[in-house]
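Enquirer: The primary structure of each chain is shown beneath.
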Amino acid sequence: MKLRLTKIAIFLAALIPLERLLWKAFHDGLGANPIEVITHATGDWTLILVLITLSITPLRQITHQYWLIGVRRMVGLFAFFYGTLHFLTYIWLDKFFDVPEMLKDIAKRRFITVGFAAFVLMIPLALTSSAWSIRRLGGKRWRRLHRLIYLTGILAVIHYFWLVKADHRKPIAYGIVLSILLLYRVGVWMSEKASERGKQLAPAASRAEVTKA
Amino acid sequence: MLIRNLGAIPSSEITPKTTYLNRRNFLAGAAIAGAAAVTGVAFRDLADLVDPSLTAQANAKIDGLQKSPFRTTEKETPYKDVTNYNNFYEFSTDKYEPADLAKNFKTRPWTVTIDGDVKKKQVLDVDAIMKMAAPEERIYRHRCVEGWSIVVPWIGFSLSELIKRADPLPKAKYVEFTTLYDPKQMPGQRTSVLQWPYLEGLRMDEAMHPLALLCFGMYGEVLPNQDGAPLRIVLPWKYGFKSAKSIVRIRFTGDQPLNTWQQANSREYGFYSNVNPNVDHPRWSQSKERRLGEFLKRPTLMFNGYDQVASLYSGMDLKKNF
Numbered sequence: 016m017k018l019r020l021t022k023i024a025i026f027l028a029a030l031i032p033l034e035r036l037l038w039k040a041f042h043d044g045l046g047a048n049p050i051e052v053i054t055h056a057t058g059d060w061t062l063i064l065v066l067i068t069l070s071i072t073p074l075r076q077i078t079h080q081y082w083l084i085g086v087r088r089m090v091g092l093f094a095f096f097y098g099t100l101h102f103l104t105y106i107w108l109d110k111f112f113d114v115p116e117m118l119k120d121i122a123k124r125r126f127i128t129v130g131f132a133a134f135v136l137m138i139p140l141a142l143t144s145s146a147w148s149i150r151r152l153g154g155k156r157w158r159r160l161h162r163l164i165y166l167t168g169i170l171a172v173i174h175y176f177w178l179v180k181a182d183h184r185k186p187i188a189y190g191i192v193l194s195i196l197l198l199y200r201v202g203v204w205m206s207e208k209a210s211e212r213g214k215q216l217a218p219a220a221s222r223a224e225v226t227k228a
Numbered sequence: 274m275l276i277r278n279l280g281a282i283p284s285s286e287i288t289p290k291t292t293y294l295n296r297r298n299f300l301a302g303a304a305i306a307g308a309a310a311v312t313g314v315a316f317r318d319l320a321d322l323v324d325p326s327l328t329a330q331a332n333a334k335i336d337g338l339q340k341s342p343f344r345t346t347e348k349e350t351p352y353k354d355v356t357n358y359n360n361f362y363e364f365s366t367d368k369y370e371p372a373d374l375a376k377n378f379k380t381r382p383w384t385v386t387i388d389g390d391v392k393k394k395q396v397l398d399v400d401a402i403m404k405m406a407a408p409e410e411r412i413y414r415h416r417c418v419e420g421w422s423i424v425v426p427w428i429g430f431s432l433s434e435l436i437k438r439a440d441p442l443p444k445a446k447y448v449e450f451t452t453l454y455d456p457k458q459m460p461g462q463r464t465s466v467l468q469w470p471y472l473e474g475l476r477m478d479e480a481m482h483p484l485a486l487l488c489f490g491m492y493g494e495v496l497p498n499q500d501g502a503p504l505r506i507v508l509p510w511k512y513g514f515k516s517a518k519s520i521v522r523i524r525f526t527g528d529q530p531l532n533t534w535q536q537a538n539s540r541e542y543g544f545y546s547n548v549n550p551n552v553d554h555p556r557w558s559q560s561k562e563r564r565l566g567e568f569l570k571r572p573t574l575m576f577n578g579y580d581q582v583a584s585l586y587s588g589m590d591l592k593k594n595f
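Protein chains in written order, with the working numbering: chain A, 16 to 228; chain B, 274 to 595.
Any given hint could be a false lead.
Here are the computed lysine-lysine pairs in the DSS-like style, where the Cα-Cα straight-line distance is at most 30 Å [as the list claims (entries may be wrong)]:
1. B:379 / B:437
2. B:457 / B:437
3. B:593 / A:110
4. A:39 / B:353
5. A:110 / B:348
6. A:180 / A:110
7. A:180 / A:119
8. B:561 / A:123
9. A:185 / B:353
Calculated from the model, a selection of chain A residues having no Cβ within reach of chain B, i.e. all distances over 10 Å [as the list claims (entries may be wrong)]:
10. 108
11. 181
12. 207
Derived by calculation from the structure, the hints in this document are not laboratory data.
Don't be surprised by glycine CBs; every beta carbon is placed ideally from N, CA and C.
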């Protein structure tokens, strides 16, 4: 029950950036260059939601708030939702479905190339987000597939870093947060490796303990 | 009328170093009187314009505007867009912020140092500069390197008017413009996103081209702070960043100046930075632009449609000299 209320609250909260954009759009509030504002806002929120998704596992492990895993899928899907809006803004509002121009962009402009890749990599994750898919793929394979989100995060930060003219402070800030989240995982992985090795080195001792018990 | 006008000249510009200025100002005053006789400038209004206490408040009207032949018939961009969407990194890298951050920017007293390879090194008061020639209204297209454009009715006169009076030496091949450095007033300068102070430069023949505008107003009014008050240049055939704002120094030199954006990234920003749909920015196409207020992009024109500057670059490889 509590989880359900939390989920509803997060669902509504995640819609706020979109509501704000729509409200501004209907109240002449998007300023001199509305398409630029929409592009930046949807891009920002995609990246923020990817980072929030990536922070759920560390947060759950550190705080032992195990219910957090229950909201991860929704946050991840919202990241995909804003990523889709960002992509649609580009193909519809910015390029107005000029396909040759877009293909040229994707091939020639490296910030578009990595941004496009970051988005494309999210598609299989969104498609396999259901419980049915997890059962179908098996937990191990599903988890391996969903590590693609790390790559999405890295490419998204590079996309942002490469598109700004001179002021790299915001992409660097996102990059630092992403690095912390990824380094945490590297740390966990290394300590698991170390403890595995420890078990292998002293199998007799542990067996002895088991028999004693 | 003349005497009254001279009375409005701030004493700050009459420095011992530049005593000859008196004669200059007298001549400038005479020129204005002549222009006024023709155009019906009310001297009271002109005096208002140059009175420091009055010009300190933004948006004072500029009267007696000459109609310049340099005026596009394209629709002017709304004033609120031109004053709320500004690339002015001295205040912020966010285009929506300079309008607020520049609110209390002090544009008086303001002097411009003229030095380098020039016969008459001098420090001029901005109000004296504004009186050097009759103010003209010129409606220019303005194209940002980022891919958006606006149409603005600027006010000023040809930069050549000032250069002629400064009397550069034959060895002066370039003109360098320096923007004010004052981190107390310009919060963007407290970070090093660019090297401060902001520098821009022109080749002498570019600077002397009649299209190059020395600008102190727009939309019939004194230049708003966020648009480069009190004095800027406007070069409609070049990307917007070439049009230096809030100028405090004009230096004549034999060497090509290293403009700030070139210094920041010479692969992406050159010295010339002429609007050119055939030479892309390394990271994005320059073939199209979005005119603010329009949905579909329009094709970008060579030299932003100002073909009369083409002869300045004849024989030059504009792909190399971008």
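Enquirer: Work down the list of hints and note, for each, if the structure agrees.
Expert: Evaluated hints:
{"no.": "1", "hint": "B:379 / B:437", "in the structure": "holds (28 Å)"}
{"no.": "2", "hint": "B:457 / B:437", "in the structure": "violated (34 Å)"}
{"no.": "3", "hint": "B:593 / A:110", "in the structure": "holds (28 Å)"}
{"no.": "4", "hint": "A:39 / B:353", "in the structure": "holds (16 Å)"}
{"no.": "5", "hint": "A:110 / B:348", "in the structure": "holds (23 Å)"}
{"no.": "6", "hint": "A:180 / A:110", "in the structure": "holds (20 Å)"}
{"no.": "7", "hint": "A:180 / A:119", "in the structure": "holds (21 Å)"}
{"no.": "8", "hint": "B:561 / A:123", "in the structure": "holds (16 Å)"}
{"no.": "9", "hint": "A:185 / B:353", "in the structure": "holds (27 Å)"}
{"no.": "10", "hint": "108", "in the structure": "violated (8 Å)"}
{"no.": "11", "hint": "181", "in the structure": "violated (5 Å)"}
{"no.": "12", "hint": "207", "in the structure": "holds (41 Å)"}
Going through the hint list in order, the structure does not satisfy hints 2, 10 and 11.
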